[in-house]
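The primary structure of each chain is shown beneath.
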Amino acid sequence: MKVLMRSIFRALVGIGALSILVAGTAQAKVDGDTIILGSAISLTGKYSTNGIHAKNGYELAVKKINETGGVKVGGKSYKLKVVYYDDESTPARGAQLAERLIKQDGVKYMLGPYSSGLTKAVAPVTEKYKIPMVEAEGASRSLFTQGYKYLFAVLSTSEQYLASSIALAAEIAKKNGREPQDLKVAMAFENDPFSLDVRAGVADDISKYGMKIVVDDKLPRDLSDMSATLTKVRALKPDLLVVSGHSKGAATAARQIKEMKIDVPMIAITHCESAKVIDKFGASTNGFLCPTQWSETLSYSDDMFGSAADYDKLFKATYSGYKNVPYQAAQASAAVMVWKDAFERANSFDTDKLRDAIADTDMKTFYGGIKFSDAGNNTAKPMVLRQIQNGKLNVVAPSKWASHPVDWPRKAQ
Amino acid sequence: MLDNLLVLIQAPVLNIQLLLDGVLIGAIFAMAAYGLALVWGVMNVKNLAQGDFVIMGGYIAYTFTKFGLHPIYALPVAFVGMFGFGWLVYVTIIRRVIGKDLFTSLLATFGLAILLQQAMNLIFGSDVQTAESGFQTRFFFDGMVSIAEIKFVALVLAVGLSAAVVVFMKRSRMGQAIRATSQDARAARVLGINTDRVYAFTFSLNSAICGAAGVLIAMIWVIQPYFGVVYSIRSFIIVTVAGLGNLTAVIVTALGLGAAEQFSAFILGAEFQVASVVCILVAVLIWRQIQQARKRQVVE
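As they're listed, the protein sequences go chains A and B.
Heads up, the first sequence is in my numbering, so the first residue is 1 and it goes up one at a time.
Heads up, the second sequence is in my numbering, so the first residue is 414 and it goes up one at a time.
Treat the hints with care, as some may be off.
Claimed, not checked - The following label-pair restraints were derived from C-beta to C-beta distances: (1) B:Ala424 to A:Lys208: 29 to 35 Å; (2) A:Lys400 to B:Val569: 32 to 38 Å; (3) B:Phe581 to A:Asp204: 55 to 61 Å; (4) A:Thr318 to B:Leu698: 54 to 60 Å; (5) B:Thr550 to A:Ile213: 58 to 64 Å; (6) A:Lys208 to B:Met557: 29 to 35 Å; (7) A:Ser307 to B:Phe480: 49 to 55 Å; (8) B:Phe553 to A:Asp182: 38 to 44 Å; (9) B:Leu694 to A:Thr318: 49 to 55 Å.
What the hints assert, rightly or not - Here are the simulated lysine-lysine pairs, DSSO-like style, with alpha carbons at most 27 Å apart: (10) A:Lys103 to A:Lys280; (11) B:Lys479 to A:Lys276; (12) A:Lys103 to A:Lys149; (13) A:Lys316 to B:Lys479; (14) B:Lys459 to A:Lys46; (15) A:Lys280 to B:Lys479; (16) A:Lys46 to B:Lys479.
Said to hold, decoys possible - Covered stretches of chain B (in silico footprint by chain A; criterion: 3 or more residues with CB under 8 Å from a CB of chain A, positions within the stretch not fixed): (17) 419 to 430; (18) 504 to 512.
By construction, these hints were calculated from the structure, which means they are not laboratory data.
The structure displayed is predicted, hence computed values, not measured ones.
Beta carbons: idealized from backbone N, C-alpha and C, even for Gly.
Okay, chain A solo, but in the shape it has when bound (with noise of 0.2 Å):
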């Protein structure tokens, strides 16, 4: 009785499963006139603040193109709609929703999580699927060596971050008749994924101009304290002091170099604008250089969203409760156009043609230019360096784009 009990569940959750596996296809990725969009994001958790930022972007953009006449396919026009699920900051949970996304909803065109971490979890889950992904949150470097043929990002690679303060320094250094080589770098990075990419990017510049490092240090995880590396920073005084570890790693550099008065000359951070420094440590974050994917002061521009500026007004008439635009959001508009584009150019609905319209992607979008190399990633747009001038951001380098000459060297106040 009891065996037969059991096969008769056993039967009946087999039958469910077939029927939500059914329900799932004929659902589809195309409902009538609408093309689905899928993104598993972070809408709780520790992420939830950049998560919602990168919804809201996807959000603008998908009603932006909506409002301007949707995407052309095969003669006809669609509208975007996105389904959302919220990941919970957890990248096991990530991985588990894309599932979800691809075999019960059906869903064939991807958006990307929150963070490299989650992006790192949900790729093999699309890559298995053959469903191909744009993501615009997911920096790191790891993400476009494993040979992923369906991921593609928009945003530069988290070895770029801090880089270009390197060059700068070594611009600065020849102008005041210094060779780079004789100046000496302090380098402080969390001990994580993502920021020892950063730190990858830097050690390659200073090597390249053949400078000193005096201070390596890798900050843990769960360090609220920086103290014995500034410490040593103050004993060894060096030309360039760069620092990154998230918004926790901004705040605390921050507030510490302000407490210890830590004097060098220059001093890059990445993450100052998410950690609110500014509003926080006032005067005393002034000549903070601040790497950024993208600032709307920078003069790009596209058809559907006009200028970087005109996307900034846009956006704070939308949403409200925002002082600045930050960059996830643009960033997060900007996959949304791609795959517009890519529908557009493709002129079809099917993932493989899909996936070679993205891979041919070269475009001027309000958020810079856009085109994939091989591996996935945006090799058509720089980072670019903000100093905080007396309490605002202006953009000091590459000097192609810049609005502000730099201030140096940095005075510690």
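Got chain A; can you put chain B on it based on the hints?
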């Protein structure tokens, strides 16, 4: 590594800086560890939500700054508020796990930790926050040594609070009852001590101390809903090294480990800051093992 050691020898004032930083940091850790030792010793409950209580205190300070108040005023509010919160947690959760096996209390407090983290994330968001105190930094030895006034204030407050708790434990009726319960709960009950109230008070006192520590931490470093685990782990390390039932040892250990941390971060690099503390823990445990083995032999 040798380079860094040379720097210390050439510029000996830096030793003072590291020592000071270490002691100041240690004083804060001592508070969280002290509370943990209290709960562990008296109730035999290992509170994994210890660090999250600390972060809650930090958010109280942060909320004060949002309303334009100086965060130092949050100290008494956090102390009293977290005392009440601790009582609530005791009545709803901890009371049910006292006397159960180790894993029940670990699981219950671990669950509580997750709950608190998520609640703080929902209320305050996942951004890193600080409570700016506006205190200045003092410089000595041509600016080679700096002490942030806030760290000094924190040290004074931490020492004052610890002293108050020690006196309280020694002198007051409740303190005596707590100590009696920790020595033998059954005997204490037989002698008319309401152990349930003692437990509730102990747990609340712990969470109040954590809250106060959190206020100081928000003024010195940065807080985020998920940073609690750092303080939980650090408290466990300190209590394990110091041993239970010796509150002075907890404070001395915390100060010592704080200094050890700073020196190892300077000489070996920041990546070894926490690692060196854990190494000391392992060394202490091995040493204790040897000592106990010797004792056992003597008994035989």
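Cross-check of the supplied hints:
Between B:Ala424 and A:Lys208 the Cβ separation comes to about 31 Å, which falls inside the hinted range of 29 to 35 Å. Taken as a hint, the range 32 to 38 Å is violated for the pair A:Lys400 and B:Val569, whose Cβ atoms sit roughly 54 Å apart. At roughly 59 Å, the beta-carbon separation of B:Phe581 and A:Asp204 lies within the given 55 to 61 Å, and the hint holds. Between A:Thr318 and B:Leu698 the CB atoms are about 58 Å apart, so this pair conforms to the stated range of 54 to 60 Å.
Against the hinted window of 58 to 64 Å, the Cβ-Cβ separation of B:Thr550 and A:Ile213 comes to about 28 Å, which falls outside the hint. Between A:Lys208 and B:Met557 the C-beta distance comes to about 33 Å, which sits within the given range of 29 to 35 Å. At roughly 39 Å, the beta carbons of A:Ser307 and B:Phe480 sit outside the given window of 49 to 55 Å. Checked against the hint of 38 to 44 Å, the pair B:Phe553 and A:Asp182 fails, with Cβ atoms roughly 31 Å apart.
With their beta carbons about 53 Å apart, B:Leu694 and A:Thr318 fall inside the hinted range of 49 to 55 Å. The straight-line distance between the Cα atoms of A:Lys103 and A:Lys280 is roughly 45 Å, outside the 27 Å bound, and the hint therefore fails. Distance restraint check for B:Lys479 and A:Lys276: the Cα-Cα separation of roughly 15 Å lies within the 27 Å cut-off, and the hinted pair is therefore satisfied. Between A:Lys103 and A:Lys149, the direct Cα distance comes to roughly 20 Å. Compliance with the 27 Å bound is thereby established for this hinted pair.
Taking the CA atoms of A:Lys316 and B:Lys479, the gap is near 24 Å; set against the 27 Å cutoff, the hint holds. Taking the CA atoms of B:Lys459 and A:Lys46, the gap is about 26 Å. The hint holds against a cut of 27 Å. Using a Cα cut-off of 27 Å, the hinted pair A:Lys280 and B:Lys479 holds, with the two alpha carbons roughly 12 Å apart. For the hint linking A:Lys46 to B:Lys479, the alpha-carbon distance of about 21 Å falls within 27 Å, and the restraint holds.
Counting residues of the segment 419 to 430 of chain B whose CB lies closer than 8 Å to any CB of chain A gives 4, which reaches the minimum of 3, so the coverage claim holds. Using a Cβ-Cβ cut-off of 8 Å, 0 residues of the segment 504 to 512 of chain B lie near chain A, which falls short of the minimum of three, so the contact claim is violated.
In this structure, the earlier hints numbered 2, 5, 7, 8, 10 and 18 are contradicted, and the remaining ones agree with it.
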